[in-house]
Amino acid sequence: MKKVFAREQLCINCRLCEVYCKTAHSKSKDVVEAYKSEIPAPVARISVYGDKTASVAVNCRHCDDPACVKACITGAMQKDKKTGIVSVDENKCIGCMTCLAVCPIGCIKTAKTAVKCDLCQGEEPACVKNCPNRALLWLEAGGAK
Amino acid sequence: MKYLIIGASAAGLATAESIRKTDADGEITILTKESYLPYSRPSISYYLKGVVDEKSMYLRKPSYYKEKNINIITDAAVTKINPEKKTVKAGRKEYSYDKLCLATGSKPFVPPMKNVEGCKNALTFLDLAATKAVKKAAKADTRAVVIGAGLIGMKAAEGLSKICASVDVVELAPRVLPSILDEKSAKTVKAHLEKNGLRFHLGNTVTEAESKNGKITSVILKNGDVLPCDLLILAVGVRPETELAEKAGLEVNRGIITNPQTMQTSDESIYAAGDCTVSVDMLDGSNKIIALWPNAVQQGTAAGNQMAGGELTTGNTYSVNAIDFYGLRICTCGLINAQGEQYSDRIKAEGSSYKRLVFEGSNLVGFVLINSSVNAGIYTSLISDKIDLSTLEGDIMDDPSLFMFSKEVRTTKLTGGMAL
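In order, the protein sequences belong to chains W and C. Per numbering that gives the first Met the number 0, numbering of the first sequence is gapless, rising by one per residue and ending at 144. Per numbering that gives the first Met the number 0, numbering of the second sequence is gapless, rising by one per residue and ending at 419.
Same shape as in the complex, but just chain W (with noise of 0.2 Å):
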């Protein structure tokens, strides 16, 4: 399956991944819409970690055989058979977020439910669209494009 990866040594720390992250998660779709007046307020699903010298951007790693997965309680939190893809179903996610305590990466988010990165569904994700020195790549898990 294809996933993003990040190139910790070309992320400049910009943080554009979020802002393009949230703006795909959005209802508008709309930069400005997103970030000032909608409610609920569209969340990341990506973040950048670190500072000037050093950072990287972090999301879902839609693992083989993910914690989360297997630590929810509801059966919301599922990895598509097909796509591979990890995702929530907002409708059963009843936000224990006992996802988030077994999540060895860091990489899910606390709202009304557990909010995390669904690769933009199997689509060019935004982040990797929209990262300005292509620190973020969308790759086969061997490295092909």
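If you're looking for bench data, these hints aren't it; they were derived computationally from the structure. Some hints here could point you the wrong way.
In silico DSS-like pairs for lysine-lysine, Cα to Cα no more than 25 Å straight-line [what the hints assert, rightly or not]:
#, chain 1, residue 1, chain 2, residue 2
1, C, LYS106, W, LYS69
2, C, LYS67, W, LYS78
3, C, LYS412, W, LYS81
4, W, LYS78, C, LYS54
5, C, LYS412, W, LYS80
6, C, LYS20, W, LYS81
7, C, LYS385, W, LYS111
8, C, LYS79, W, LYS111
9, W, LYS108, C, LYS412
10, C, LYS385, C, LYS287
11, W, LYS108, C, LYS65
12, W, LYS111, C, LYS48
13, C, LYS406, W, LYS1
14, W, LYS128, W, LYS81
15, C, LYS347, W, LYS80
16, C, LYS412, W, LYS21
17, C, LYS48, W, LYS80
18, C, LYS54, C, LYS186
19, C, LYS67, C, LYS48
20, C, LYS113, W, LYS80
21, W, LYS69, C, LYS65
Keeping the supplied structure of chain W fixed, place chain C upon it in accordance with the hints.
This is chain C only, laid out in the frame that chain W set:
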């Protein structure tokens, strides 16, 4: 190969799914005494509150079981296991097995109280059927009393407080949520719960009830207080459901004894997983009952894998729990109330947020996070992977992230070692 599983919650379902991964053709049957397909037990309080409906509580779609060829028989209460004949009896039917897994879970523990047993409005709160009874009994003018301020009791109290006129909680321990909170954090949580209308009677217990026509009207506490009561919830605690195992002659000490790697009981054809077993906590080597969902799933997965002849899976056993009350998020892991010279701790408390980390030497062995659970799983991984904290960067008390690890380690975690 004929596989039989008793119990259809977290451990039972995980066992079945794990068997199917290794054995595509074996006959898998799950017997459950409940009337429902596998559903989320922890969701019952959300069902009581009306936040989730019954349909969204089911862990899998009904069609899933057909797809996976897993046969679930509901309303099948097993009364006897015959390990010599390799059969179990449920009602008038007898089921044979090659490999059996006991995933019988917990049963409510009800301490002796005068005049409570048999009263129509004294209910437990552990499964969907019981929750339906509670929901039916809880009205806008109901004065509810919950005995037990553990996870189950507090979730019942929270749910009832959205419906009932008043909710009183009686707890023998001097603090709320004694199994997951330390003394200091329990104070913060209690204040929050009281702000939301719950009344507490800590260090106290119900000794007796007064009733009229088989219905409790009030309860009398140990200190002499009398609480008017239209609905009594019995949530003192749970015990492993080990009756079948004991009658079958399996080794039981509080919970069913298993080999922690294979989940085999003292009978090599019988396995056990989940709340009915005794676990060995990897953090202090102690035997304890870890009645928590992730542990049940892990044990079920290990059991199923072994039953189907798969390879040994190594899992780390420790407690991890996340729960919320009226928007207050509590996340705990590992040794929270560790006693001994080898342990130290650090606390950071600001407003409604509280963070306590427990250390043993240079390892993290436990945490309590209240409204501060950002990336809590990173802490959990430090505990389960026994990471030497001196290899990390930054202050461990800050919000954890992959950036705590050295560049090499965090890059490997993100890329799986692929050169980019």
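Hint check:
no.: 1; hint: C:LYS106 - W:LYS69; verdict: 23 Å, holds
no.: 2; hint: C:LYS67 - W:LYS78; verdict: 16 Å, holds
no.: 3; hint: C:LYS412 - W:LYS81; verdict: 24 Å, holds
no.: 4; hint: W:LYS78 - C:LYS54; verdict: 20 Å, holds
no.: 5; hint: C:LYS412 - W:LYS80; verdict: 23 Å, holds
no.: 6; hint: C:LYS20 - W:LYS81; verdict: 16 Å, holds
no.: 7; hint: C:LYS385 - W:LYS111; verdict: 32 Å, violated
no.: 8; hint: C:LYS79 - W:LYS111; verdict: 45 Å, violated
no.: 9; hint: W:LYS108 - C:LYS412; verdict: 19 Å, holds
no.: 10; hint: C:LYS385 - C:LYS287; verdict: 20 Å, holds
no.: 11; hint: W:LYS108 - C:LYS65; verdict: 34 Å, violated
no.: 12; hint: W:LYS111 - C:LYS48; verdict: 16 Å, holds
no.: 13; hint: C:LYS406 - W:LYS1; verdict: 24 Å, holds
no.: 14; hint: W:LYS128 - W:LYS81; verdict: 24 Å, holds
no.: 15; hint: C:LYS347 - W:LYS80; verdict: 42 Å, violated
no.: 16; hint: C:LYS412 - W:LYS21; verdict: 24 Å, holds
no.: 17; hint: C:LYS48 - W:LYS80; verdict: 33 Å, violated
no.: 18; hint: C:LYS54 - C:LYS186; verdict: 37 Å, violated
no.: 19; hint: C:LYS67 - C:LYS48; verdict: 33 Å, violated
no.: 20; hint: C:LYS113 - W:LYS80; verdict: 54 Å, violated
no.: 21; hint: W:LYS69 - C:LYS65; verdict: 21 Å, holds
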